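Visitor: With the hints as your guide, set chain C onto chain S.
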Amino acid sequence: MPALDPEFDAWGSLWRGQSRPIPHERSEEMLEKVKDRSRRFDRTILWRDAREALAGLFVAGVWAWVSWLAPGWWPKIGAAAATSCVLYVVTRLWRARRRHGPVREDLPLAERVRAEIAKVEAQADLLRTVRSWYMTPLALGSTIWLASLVPAIVPAMGLAPHLTAAGIAAAVCFSGLLFSAVGWVVVRLNDYVARTQLDPYREELQRLLQ
Amino acid sequence: MNPPDLERRFLELIERNEARIFRICRAWARHPADFEDLRSEVLLQLWRSLSSFDGRSAEDTWLFRVALNVAMLFRRRERGRRERLDLFRRRVPERDAASQPGEQVESRDRLDRLTAAIAGLDPADRALVTLQLEDLSYAQIAEVTGLGESHVGVRLHRIRKKLAQAMAEDEEVRDARP
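As you go down the protein sequences, you meet chains S and C in turn. Counted from 1, the first sequence has number 156 at position 156 by the numbering used here; the numbering is strictly sequential. Counted from 1, the second sequence has number 102 at position 102 by the numbering used here; the numbering is strictly sequential.
Note that these hints are calculated values from the structure, not bench results. Treat each hint with caution, since some may be false.
As the list claims (entries may be wrong) - Residues from chain S that keep clear of chain C, each with C-beta distances beyond 12 angstroms, as calculated:
#, residue
1, PHE8
2, LYS33
3, ASP49
4, ALA53
5, ALA64
6, PRO71
7, ARG112
8, ALA115
9, MET135
10, LEU146
11, ALA181
12, GLY183
13, ASP191
14, VAL193
15, ARG195
Stated by the list, open to error - A short, non-exhaustive set of chain C residues, derived as facing chain S with CB atoms under 10 angstroms:
#, residue
16, ASN2
17, PHE22
18, LEU43
19, VAL66
20, GLN132
21, VAL144
22, VAL173
What the hints assert, rightly or not - Listed next, with one range per pair, are the computed distances between beta-carbon atoms:
#, chain 1, residue 1, chain 2, residue 2, range
23, C, ASN2, S, GLN210, 37 to 47 angstroms
24, S, ALA118, C, ALA176, 42 to 52 angstroms
25, S, TYR192, C, ALA176, 40 to 50 angstroms
26, C, GLY148, S, LEU140, 28 to 38 angstroms
27, C, PRO3, S, GLY61, 32 to 42 angstroms
28, S, GLU32, C, SER107, 44 to 54 angstroms
29, C, GLU12, S, GLN210, 33 to 43 angstroms
30, S, ARG37, C, PRO32, 11 to 21 angstroms
Model, not experiment: these values are computed from the prediction. Glycine included, each C-beta is placed from N, C-alpha and C at the ideal position.
Excised from the complex, chain S in its bound form (with noise of 0.2 angstroms):
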C-alpha cells in the first residue's frame, strides 16, 4: 500500500485508539440477547409467512367449498375458476417472497447494494403490476362464478317474469362500475406507494454504487 501523508496516519492512530464510552455488558449477557433477538426474528418472519399462507389457503377454502356446494355445474366450473385464480395469487406472492428472500450479510457491499437493489426492484414491480397478477385473476374468478350462478339463481328466486333486458345491462354496469372504482383505487394506492417509498429508496441504493 503506498504511504500515506502523515496527518492521514495520524487520523488513524487516533480513530483505532478510542474506547468504549459505555459500560461493557456481560458476555453471557449479550449472547443471550442476541439469541433471543435471533429466535424472534426467526419467529416473526415464520408467523409473517404463516399468516399470509393462511389467509390465501382460508380464502381459496372458501371457494373450494362454495364450488363443493354450488347448484349445478357452471357455478361449480365458476367457483373452482376462483379457488384456482386465488392459489396463483398466493404462489406468486410465495414464489416474489422466495426469489427475493432474505440477503446474506457478509457478501461483498457492491453485491449487497445490488442484492438490496434488486429486491426492492422485484417489490416495486410487484406493486405496480396489481392489476394483472392479483386483480385480473381475482375478478376474472368472481365474475365467472357470478355469471354461472345467474341463470340458476334468476329462475328460483322467481324473478324472471320481472327482470327485462334494460334492469339486468343497468345491473352489470353498476357492478363493473362498482368493482372498477375499487380496483382503481387499489392499483393507484399501490403505485403511489411504489413511487414515493421504493423508487426514492432504490435511487439513493444506486448513488451507493456510483
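Guide: What follows is chain C alone, placed relative to chain S:
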C-alpha cells in the same frame, strides 16, 4: 458446528473485535439511541451469519462486510424515524474537561472533529475511509467492498483530500469564534 462451539466462537469473535464494532457504529449512528440499535443489529447479523462463515475470506474481511452492510442499510431503514438533526457533537458524552489533562481534551476534540467530518461524507465514501482508518490495505478494502483495488486507491485519495478540507474548514470556524 454444534451450538456450544458456535456460541464460543461468537463470543471470541466479539471479544477480539468489540472495539472495531464500536467504531463502525460510532461512524454510522447519528443519535445515541441509533448507536445501541445499530450495535444490536450488527451483533444479531454477525450471529446469524456466523454459521455460514466458511473461512474462504479472512475473519476481518467477513466481519467488516457484515458490519458495514448492516450499517449502510440500517441508516436508510431508520431514516424518517428520527428527526434529521446533526446531533453528532451533542451525542458524544459530555466530559468534565477540567478533570482531564489538556492533552486528552485536545485529542478528544480532534477525534470529535474527525468523526463529524466522516459523518459528513457520502455513505460509500464513509465506508471506504472507515476501512482505511482501521488500517486495512487497498487489497483488503477491495475484498470487503467488491470494488477494484485501483478504483479503491483513486477514490480514497479523493476522500482523504475531502476529509482534510472538512477538518481545515472546521478549524477555521473554530479559530474565528470569539
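Visitor: Are the hints correct? Go through all of them and say.
Guide: Consistency of the hints with the structure:
| no. | hint | in the structure |
| --- | --- | --- |
| 1 | PHE8 | violated, 6 angstroms |
| 2 | LYS33 | violated, 7 angstroms |
| 3 | ASP49 | holds, 17 angstroms |
| 4 | ALA53 | holds, 23 angstroms |
| 5 | ALA64 | holds, 39 angstroms |
| 6 | PRO71 | holds, 53 angstroms |
| 7 | ARG112 | violated, 5 angstroms |
| 8 | ALA115 | violated, 10 angstroms |
| 9 | MET135 | holds, 30 angstroms |
| 10 | LEU146 | holds, 43 angstroms |
| 11 | ALA181 | holds, 32 angstroms |
| 12 | GLY183 | holds, 30 angstroms |
| 13 | ASP191 | holds, 21 angstroms |
| 14 | VAL193 | holds, 14 angstroms |
| 15 | ARG195 | holds, 16 angstroms |
| 16 | ASN2 | violated, 15 angstroms |
| 17 | PHE22 | holds, 5 angstroms |
| 18 | LEU43 | holds, 5 angstroms |
| 19 | VAL66 | holds, 5 angstroms |
| 20 | GLN132 | holds, 7 angstroms |
| 21 | VAL144 | holds, 7 angstroms |
| 22 | VAL173 | violated, 19 angstroms |
| 23 | C:ASN2 x S:GLN210: 37 to 47 angstroms | holds, 44 angstroms |
| 24 | S:ALA118 x C:ALA176: 42 to 52 angstroms | holds, 48 angstroms |
| 25 | S:TYR192 x C:ALA176: 40 to 50 angstroms | holds, 48 angstroms |
| 26 | C:GLY148 x S:LEU140: 28 to 38 angstroms | violated, 51 angstroms |
| 27 | C:PRO3 x S:GLY61: 32 to 42 angstroms | holds, 39 angstroms |
| 28 | S:GLU32 x C:SER107: 44 to 54 angstroms | violated, 36 angstroms |
| 29 | C:GLU12 x S:GLN210: 33 to 43 angstroms | holds, 38 angstroms |
| 30 | S:ARG37 x C:PRO32: 11 to 21 angstroms | holds, 20 angstroms |
In summary, the structure is inconsistent with hints 1, 2, 7, 8, 16, 22, 26 and 28 from the numbered list given earlier, while agreeing with the others.
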